[in-house]
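Trainee: Listed below are the residues making up each chain.
2 protein chains.
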Amino acid sequence: MKIVDLRITPIAFADPPLRSSYGLHARYALRTVVELVGEDGIVGVAEAHGGEQTLGDFERSREAIVGRDIYDLARIWLAIANTLGVATAAADRSHTYLLPGESRLDVPLRVYAAIEVAALDAIGKMVGRPVCDLLGGRVRDEVPFSAYLFFKHAGGGGVGDDERPDIWGEALTAEAIVAQAIAMIAEYGFGSVKLKSGVFDPDVEIETMRALREALGPRVPLRIDPNGAWSVETSLRVGAELAGALEYLEDPTPGLDGMAAVRRGLLASGIDLPLASNIAVTNFADVPEAVRSDAVQVILGDHHYWGGPRAVTQLGRMCETFGLGLSMHSNSHLGVSLLAMTHLAAATPGLTYACDTHYPWQHAQDEILQGGRVPIVNGAVRVPDGPGLGVELDRDALARGRERYDRCGYRLRDDAAEMRRFVDPTWSRVVPAW
Amino acid sequence: MKIVDLRITPIAFADPPLRSSYGLHARYALRTVVELVGEDGIVGVAEAHGGEQTLGDFERSREAIVGRDIYDLARIWLAIANTLGVATAAADRSHTYLLPGESRLDVPLRVYAAIEVAALDAIGKMVGRPVCDLLGGRVRDEVPFSAYLFFKHAGGGGVGDDERPDIWGEALTAEAIVAQAIAMIAEYGFGSVKLKSGVFDPDVEIETMRALREALGPRVPLRIDPNGAWSVETSLRVGAELAGALEYLEDPTPGLDGMAAVRRGLLASGIDLPLASNIAVTNFADVPEAVRSDAVQVILGDHHYWGGPRAVTQLGRMCETFGLGLSMHSNSHLGVSLLAMTHLAAATPGLTYACDTHYPWQHAQDEILQGGRVPIVNGAVRVPDGPGLGVELDRDALARGRERYDRCGYRLRDDAAEMRRFVDPTWSRVVPAW
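In order, the protein sequences belong to chains S and V.
When the first sequence is numbered by my numbering, its final residue is 568 and no position is left out of the sequence of numbers.
When the second sequence is numbered by my numbering, its final residue is 568 and no position is left out of the sequence of numbers.
Since the hints were derived computationally from the structure, they do not count as laboratory data.
Keep in mind it's a predicted model, so treat the numbers as computed, not measured.
A virtual CB, placed ideally from N, CA and C, is assigned to each residue, including glycine.
Among the clues, some could well be false.
Footprint (simulated), chain V over chain S, 3 or more residues, beta carbon under 8 Å [unchecked claim]:
1) 254-263
2) 271-279
3) 356-364
Incomplete in silico selection of chain S near chain V, CB under 8 Å [claimed, not checked]:
4) Arg451
5) Ala481
6) Gly484
Could you build the full structure based on these sequences and the hints that come with them?
Mentor: Here it is in structure tokens:
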């Protein structure tokens, strides 16, 4: 089936004021909905990062995509890479200093990833099979996700008519985070819990993790992710304090050298706590040094910037081969991305941990799928049996997302600017901060 | 589409008396033709290693396969592995001491690989697309293969009515190998040339490679493969003598330790000659140590024992990631395997060398495809555009292959026994021999 059109729709949806070491989430998250239209009228859909640069990247890639056969993905990748240029400086791809979706160095992989998802959705619809079957078949019928806790200011996100209720409330203390965890588990049944940290003094965050362990009991796996906010020394201290309480310690410190130093230091203290990463390892080019230096024991893959679902199944095999764990990273997203992750995770035997998702932070009013939000039950998403991703876009909801984009005023994710505007006018990101 | 039957047909075809460090090829090569029959009547086909043990492996796996959906490959793999058991002793998987297809340790991977090929053929036929499209699309329309020269006794293989003409003649000297190369290039247009060695004193084989270089000119890439017949010292000497003449040196010595020692020794002499392997590295479990010790710079993948085409696309990504080259290994085979290799190679961007194939050593009378032998033109096989592998079995030819199996008397590949029977009653395989 020939691809006759590429539809690129920028959308915005309400996002609560979540904190991280990058700063503050803006009142809207930006996203791009990508549709491949086939000559037979079949349409495949994907979600990609948002904002003006991403839109331009897709526009510039149009000629590399439209007119080709929907199965001709390897050549579509080559054409996209040829159009947008492939960066070669592996070290600069790091998300340690750049928000995922704002790095200019993985642009071709990000564009291609969305095209691959949309193509697999379209092919699945053509042949009447779920996407996971096109990736080699499922090893699981349900994909576990982790609760994703955030320090958070009051507010549900959005402005004016788009302002959403503050379901989760302010959470700037250990007690409030425990309440957030309990509420989120009650709502979604999550079996593991991650705290986005790097926001407060490490002692506060250690205390928060201890409070979570106390409140949730010994059987719920916990993770903490300061996005590189800690020095090697601080990472060692936090690692030692929390070792018994964590299933893994995610990106405690910037860079592979720093991560390797943390790993060595922990092992020297007899602490075999796996280090996970989605900011020091963001690309296949990062893997050899991560392996060589033992900097990372768990990779958080993300098909949105690793180059699509097939690339992540390859990453899964690589992780199995080199004895690494595999989990999945998440940005703020809606149901199309959640289902793409679900199909991919179902077809990836090497996935060893529950995946991250921001999905609970989004609102039903902003979902763009027919039938509304994708259910998360017992902490898992059921792999759809229907063709493709198993969903159809709600065109009215998509149009509302587009209108939100037009009026929201954001064209770039800039958590540091938001932080200065709403929290601390003098703030700037420093890593490590502690 | 539900799989309603698994058809397993043992066949034999004439094979000339080729020499290697394993001994002598028997007068028949054994192979197994595997067919998955779908409820819609669509049939997918694959070739696997031959003989009685392989037949039994497929028979024992029948319940793991029949009754499942043709797309449900990940679970078919799990069921096969569960039925046959997965070996965990990675080191013992080495083909240094065992002929490919005779190792009992990669049995589940070998059974699954054939099922995956047959399933992809069937799926391709269902959806009207070539197998390469199901693997992610092609990056090349033609797949280059290498001429595969052998020291050879007189004879074309087969016995009685099956005896085939000795197209290539005896080749037990450097001069005869040069003539073989020239004839094979004239017939097939190969652009690169490999000599199976480990047969005569290394000085004879060095002289043979020099004669090839002299006769073929400086632009034809040459390879030599003694299947581990040389000590580290001999490997270093041959490597130093032939360095300028080879694109890679394949499996000069047994084991990863030995290969790593050869690599270090060559580099210490300023010789950066890549070492290739398909006997020290035969499985994902071998890759980490091969990378860590720099024992191997080129992996010769083989979907028949690496676990199917998708596994080899994953191997391709791994090789790209870790800076390794990728080529493909071959056993004696017919057109089904050649086309499976062709589709896989077309969809594997990381393939950096022309693939091996024994195909020129087989005879048109023994091919089991409608339309006869697959053409190799200008040293390459054109990727078929038709559905699935792009071929159909010739049932009469398959039946003749089956009859040949019944009367040939072989039930196991045993090159050492053949060597004793026809060449040297006292022969036994010793590696390293020199």
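Trainee: For each hint, tell me whether it holds in the structure or not.
Mentor: For each hint, the structure was consulted:
no. : hint    : in the structure
1   : 254-263 : holds (count 3)
2   : 271-279 : holds (count 3)
3   : 356-364 : violated (count 0)
4   : Arg451  : holds (4 Å)
5   : Ala481  : holds (6 Å)
6   : Gly484  : violated (10 Å)
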